[in-house]
Amino acid sequence: MADLTSTFIGIKSPNPFWLASAPPTDKEYNVRRAFEAGWGGVVWKTLGEAGPPVVNVNGPRYGAIWGADRRLLGLNNIELITDRPLEVNLEEMKRVKRDWPDRALIASLMVPVNEDAWKDILHRVEDTGCDGVELNFGCPHGMSERGMGSAVGQVPEYVGQVAHWCKKHSDLPVIVKLTPNITDIRKPAQAAKEGGADAVSLINTINSITSVDLDLFSPEPTIDGQGAHGGYCGPAVKPIALNMVAEIARDPATAGLPISGIGGVTTWRDAAEFMALGAGNVQVCTAAMTYGFKVVQEMISGLSQYMDEKGFASVDQLVGRAVPNVVNWQDLNLNYVAKAKINQADCIKCGRCYAACEDTSHQAIAMSEDRVFTVKDDECVACNLCVNVCPVEGCITMEQMPAGEIDPRTGKVVQAEYANWTTHPNNPGKCAAE
Amino acid sequence: MSDTALTSGILAGRLDPAELADNFTDLHPVLEDHEALVAADRCYFCHDAPCITACPTDIDIPLFIRQIATGTPEAAAQTILDQNILGGMCARVCPTETLCEQACVRETAEGKPVLIGRLQRYATDTLMAAGTHPFTRAAPTGKSVAVVGAGPAGLACAHRLAMHGHDVVLYDGRAKAGGLNEFGIAAYKTIEDFAAREVEWLLQIGGITLQTGKRLGRDLSLGDLRDAHDAVFLGIGLGGVNALGLEGEDKQGLRDAVDFIADLRQADDLAALPIGRDVVVIGGGMTAVDAAVQARLLGALNVTLVYRRGRERMNASRFEQDLAASKGVRIITNASPIAVHGNGAVREVEFEYTDDALTATGQTFRLAADQVFKAIGQSLDCGDLPDLDGRKIAVTGAGRTSMKHVWAGGDCAVGGDDLTVTAVAEGRDAAMDIHATLTAEG
Chain A
789 MADLTSTFIG IKSPNPFWLA SAPPTDKEYN VRRAFEAGWG GVVWKTLGEA
839 GPPVVNVNGP RYGAIWGADR RLLGLNNIEL ITDRPLEVNL EEMKRVKRDW
889 PDRALIASLM VPVNEDAWKD ILHRVEDTGC DGVELNFGCP HGMSERGMGS
939 AVGQVPEYVG QVAHWCKKHS DLPVIVKLTP NITDIRKPAQ AAKEGGADAV
989 SLINTINSIT SVDLDLFSPE PTIDGQGAHG GYCGPAVKPI ALNMVAEIAR
1039 DPATAGLPIS GIGGVTTWRD AAEFMALGAG NVQVCTAAMT YGFKVVQEMI
1089 SGLSQYMDEK GFASVDQLVG RAVPNVVNWQ DLNLNYVAKA KINQADCIKC
1139 GRCYAACEDT SHQAIAMSED RVFTVKDDEC VACNLCVNVC PVEGCITMEQ
1189 MPAGEIDPRT GKVVQAEYAN WTTHPNNPGK CAAE
Chain B
4 MSDTALTSGI LAGRLDPAEL ADNFTDLHPV LEDHEALVAA DRCYFCHDAP
54 CITACPTDID IPLFIRQIAT GTPEAAAQTI LDQNILGGMC ARVCPTETLC
104 EQACVRETAE GKPVLIGRLQ RYATDTLMAA GTHPFTRAAP TGKSVAVVGA
154 GPAGLACAHR LAMHGHDVVL YDGRAKAGGL NEFGIAAYKT IEDFAAREVE
204 WLLQIGGITL QTGKRLGRDL SLGDLRDAHD AVFLGIGLGG VNALGLEGED
254 KQGLRDAVDF IADLRQADDL AALPIGRDVV VIGGGMTAVD AAVQARLLGA
304 LNVTLVYRRG RERMNASRFE QDLAASKGVR IITNASPIAV HGNGAVREVE
354 FEYTDDALTA TGQTFRLAAD QVFKAIGQSL DCGDLPDLDG RKIAVTGAGR
404 TSMKHVWAGG DCAVGGDDLT VTAVAEGRDA AMDIHATLTA EG
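Protein sequence lines, in the order shown, are assigned to chains A and B. For the first sequence, position 207 matches number 995 in my numbering, and the numbering has no gaps at all. For the second sequence, position 262 matches number 265 in my numbering, and the numbering has no gaps at all.
Same shape as in the complex, but just chain A (with noise of 0.2 Å):
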């Protein structure tokens, strides 16, 4: 079993999975069952201010999407910080972090952006023996309101003072977690690394609502017939925490900064994929939330046989991996040249290939009369949309061509040499691009 041990800004765990500072690690018991299960570390839920803590509603604070079979697919959240007092929590914090030292413990923090309340809150949460902190920039819901979370986050400059801040009154590794709720993602990135932050994470929730009550007409969760929009976070998401990840990843004006992932990790393939792109660890919120704690063992002997698969002796030869080969169309070779296959063996005659391709593509999938399905390679462009609508995976893939062939569509010869749109003939700015 390969060593899954993960330093992340010098702070150590036994594996890379971390829960997310969220409903699961509000309280002393969940976070103990949590490291009972297995899990590496814990953000604990943000905290706020001393004095009366924040409310939160007493209705609804979940929406949801789902996929085929009730499957969770997207959650959002309209709960706050922390609704605990501060004291109780740190005592809570500093009782598990004596009791489970191998564990990572990290605090998650909000408060108004001036000096000295960042200063106070740190001072009382080094008491604990957590291992760092966590600059909450991120929560796109009620605190935004007032003038915490993503209301900080979407402005770099705030991003920078608040983690100059934490650097200069405590010795505490500093995480910023970014808010995607913004347009370049590498903006408050690269804030947070010149205000001398050792790590960013992300994504935090993205603003969203989940559906609308077609009686109510109200947005769900709904509160008394009203709702407010939310924070959605889930397998849903996915997709656009892993590009974020890439961009800070692969901007040199961050190249090289430890980010740990978040959004949507469900199991050791989605884990595996955010470090593949740059993360050094990951958090995962929602999986544990729809499935319970005991998911991390899934993600555990995942990884472990992902990597004795692959020959890493440790997860830091996972990481980054893919950045690399993260670039710009522009950059993508043209000369490159596949076609649609469709195995007959493990086809099941439903049509959606062909009813996807006929409609909507390229017209290059061809139907006989006995529902045998074949693609039409002069007209295939490769566009994969058959392969993402076959309900049998595998079913579809797609062929290289080999260079020397000809290319039935184009009629063109496949060319070895790798050729981007910038030396493309039909590119108005090809000289200036040379």
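Everything labelled a hint here was simulated from the structure, so no lab data went into it. All of these numbers come straight from a predicted model, not from anything done at the bench. One or more hints might be untrue.
Claimed, not checked - Below are the EDC-like pairs computed for lysine to aspartate or glutamate, each with C-alpha atoms no more than 16 Å apart in a straight line:
id, chain 1, residue 1, chain 2, residue 2
1, A, Lys1137, B, Glu355
2, A, Lys885, A, Glu824
3, B, Lys330, B, Asp25
4, A, Lys1200, A, Glu1167
5, A, Lys907, A, Asp959
6, B, Lys395, B, Asp421
7, A, Lys1137, B, Asp51
8, B, Lys146, B, Glu444
9, A, Lys1137, B, Glu113
For chain A, the structure is supplied; the task is to place chain B on it using the hints.
Showing chain B alone in chain A's frame:
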């Protein structure tokens, strides 16, 4: 084992009422809402779906399942009923395992088709429970059509004609409408008087006058009907029952399976219905299975179904055969009856093993029997009809017979399987042809 279980002869009350009630509950209970959503989720919404092709009434199955999945079972029912006005009954009695569900791509993929039949029932039951009838009549055409036979073909034809504004007189020889739905199908497939309720619901369209107790050849003549109406549709089914052609066939205890099933369907009290201890059913179709299974459910100790050809030639589907076996019916194939023994009442039936070509082997055996049901096929039992093709009414196109303005469909006409759903399709299509013909004539 009850006291009466071993008593020979044809006796009532072999089982106590609670056991009987339990035995005759719904074969497939209606899906719960959750079950329906899970089942509907499995549909792939295939292009030009094979299930539609496999359905004799061409119901747009992927569409109605999608309508269920999106929380609109009433719209799903409309999709079904547009094509098949007896969609509720067909959901109960269709051999889906040889039709839509056999064609389902998930049968190919996983050996587990989408539960199309049960989803159809979910949709149609939802709509019927609301008590609404989602069809209205077109403006009156002033044309009158006689529909003879209020079984599946006749009902489908009458409804479609009424919808297009024609006045329909629906005749049936029995005291109740419904045909085989009411008299000829196993009780556990259509509980709680569903057949009668469905007829009542169907007639809500209006414009259909039902006249029961009017049998063609007895109370009605085709000539009179042609004179009195602009068109005639014959959906008279197959009223006659084929005979075994054996000596001793008139012995007491030997009767037609269809009569047994009809008695059972009309019985107010199943405990009062007599059944033999040792029952032999001769035949290999749905009727034979329905009779054999119900004999067991009434408390017969030994029920044997004997079919003269091989198992794969049986008209009863594999599902029906397995159902019979699961209820304790013994199935013997490749054996033909050669004699009925007994002194006044039947005591034994003698069979001879035969191959699929019905060649006798000379090897015989006897089965103890105090009751024997014949289910070896039915035939037309009415004269004064259009030209026949073999033993059924010859038709071309959408049920046109050799007589002008006389159409026929369902079991009495040539073509298609003798299934409820096929009869519905034929009745519906004949109605459209009648409508087109009468409209063209002005």
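Tested hints:
At most 16 Å may separate the alpha-carbon atoms for a hinted pair to count; lysine 1137 of chain A and glutamate 355 of chain B exceed this at roughly 46 Å. Distance hint between lysine 885 of chain A and glutamate 824 of chain A is fulfilled; the C-alpha atoms sit about 13 Å from each other, no more than 16 Å. For the suggested pair lysine 330 of chain B and aspartate 25 of chain B, the alpha carbons sit about 13 Å apart, so the restraint of at most 16 Å is met. About 14 Å separates the Cα atoms of lysine 1200 of chain A and glutamate 1167 of chain A, which keeps this hinted pair within 16 Å; it holds.
A hinted pair counts as satisfied when its Cα atoms are at most 16 Å apart, and lysine 907 of chain A with aspartate 959 of chain A qualifies at roughly 12 Å. For a cut-off of 16 Å, the pair hint linking lysine 395 of chain B to aspartate 421 of chain B stands: about 12 Å separates their Cα positions. For the suggested pair lysine 1137 of chain A and aspartate 51 of chain B, the alpha carbons sit about 10 Å apart, so the restraint of at most 16 Å is met. Restraint check: the Cα-Cα separation between lysine 146 of chain B and glutamate 444 of chain B comes to about 11 Å, which is no more than 16 Å; the hinted pair holds.
A threshold of 16 Å between alpha carbons decides the hint, and for lysine 1137 of chain A with glutamate 113 of chain B the separation of about 13 Å falls inside it, so the pair holds.
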